[in-house]
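These protein sequences, in sequence, are chains V and X. The opening position of the first sequence corresponds to residue 64 in the working numbering, with each subsequent residue numbered one higher. The opening position of the second sequence corresponds to residue 148 in the working numbering, with each subsequent residue numbered one higher.
Calculated directly from the structure, the hints in this document are not laboratory data. Hints should not be assumed to be uniformly reliable.
Here chain X is said to cover these stretches of chain V; the calculated rule only asks that three of the stretch's residues, wherever they fall, bring their Cβ under 8 Å from a Cβ of chain X [stated by the list, open to error]:
id, stretch
1, 104–115
2, 124–135
Partial chain V-side listing against chain X, Cβ under 10 Å, derived [unchecked claim]:
id, residue
3, V67
4, Q69
5, G95
6, F97
7, Y99
8, Q101
9, A152
10, R154
Partial list, computed: chain X residues near chain V (C-beta under 8 Å) [said to hold, decoys possible]:
id, residue
11, M174
12, Y178
13, G187
14, M188
15, G189
16, L190
17, Y195
18, G205
19, V207
20, Y211
21, D250
22, T251
23, F254
24, P256
25, G257
We put the CB at the ideal spot given by N, CA and C, even for glycine.
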Amino acid sequence: EDQVTQSPEALRLQEGESSSLNCSYTVSGLRGLFWYRQDPGKGPEFLFTLYSAGEEKEKERLKATLTKKESFLHITAPKPEDSATYLCAGRSERGTYKYIFGTGTRLKVLA
Amino acid sequence: NAGVTQTPKFRVLKTGQSMTLLCAQDMNHEYMYWYRQDPGMGLRLIHYSVGEGTTAKGEVPDGYNVSRLKKQNFLLGLESAAPSQTSVYFCASRNDLTSGSPDTQYFGPGTRLTVL
């Protein structure tokens with residue numbers, strides 16, 4: 064069964080304290096690993112898509128990386144406005160149209 | 148462009164009542180999805196559509212029906228609401244990847260449904 068697991072469930076950082084969020088996956092024939100940001104009371108907002116092991120993508124203080132078993136979302140020198148829930152999702156070869164979501168990591172950055 | 152919109156934003160139902168949630172997208176996307184989000188469960192796919200007039204079951208379809216009569220609209224119906232259907236419902240859309248469009252789902256703002 065395809066599965067995506069995120070850790071930790073929650074993370075509190077001081078402003079400027081860099082860290083990483085983990086997304087482990089067992090998705091048959093991965094056809095994309097996706098990261099989203101979700102603010103309270105809002106829908107998920109797309110951040111990155113990664114397709115192959117070794118691929119990296121960056122946006123401001125965020126960098127996403129992918130290996131054959133997991134993906135990391137690295138947050139460098141975070142600011143309070145980076146506080147949100149970060150979701151990852153995988154799309155498998157078995158279900159081209161379907162995405163398997165993890166339960167998310169709730170990030171709180173303290174000023 | 149409004150993107151993906153959902154109506155209503157909030158709704159309270161009594162057990163056994165019915166209702167329809169409306170999702171509309173103005174991006175001419177082929178694929179549309181209905182998810183529910185519950186604490187500790189992540190986003191779970193209810194139903195999806197790969198084009199106008201088509202629908203398919205997702206991971207948790209029981210108790211829900213959908214229709215895609217127009218390309219831009221995807222309706223989610225609850226025929227007889229149950230407390231277990233209390234959740235936040237999100238609609239999403241995505242274009243056909245063969246068109247060269249980005250592999251990106253765009254989500255609506257959500258509908259918070261409470262069934263008493």
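### Message
Could you work out which of the previously given hints the structure breaks and list their numbers from low to high?
### Response
Those not satisfied are hints 2, 11, 19, 20.
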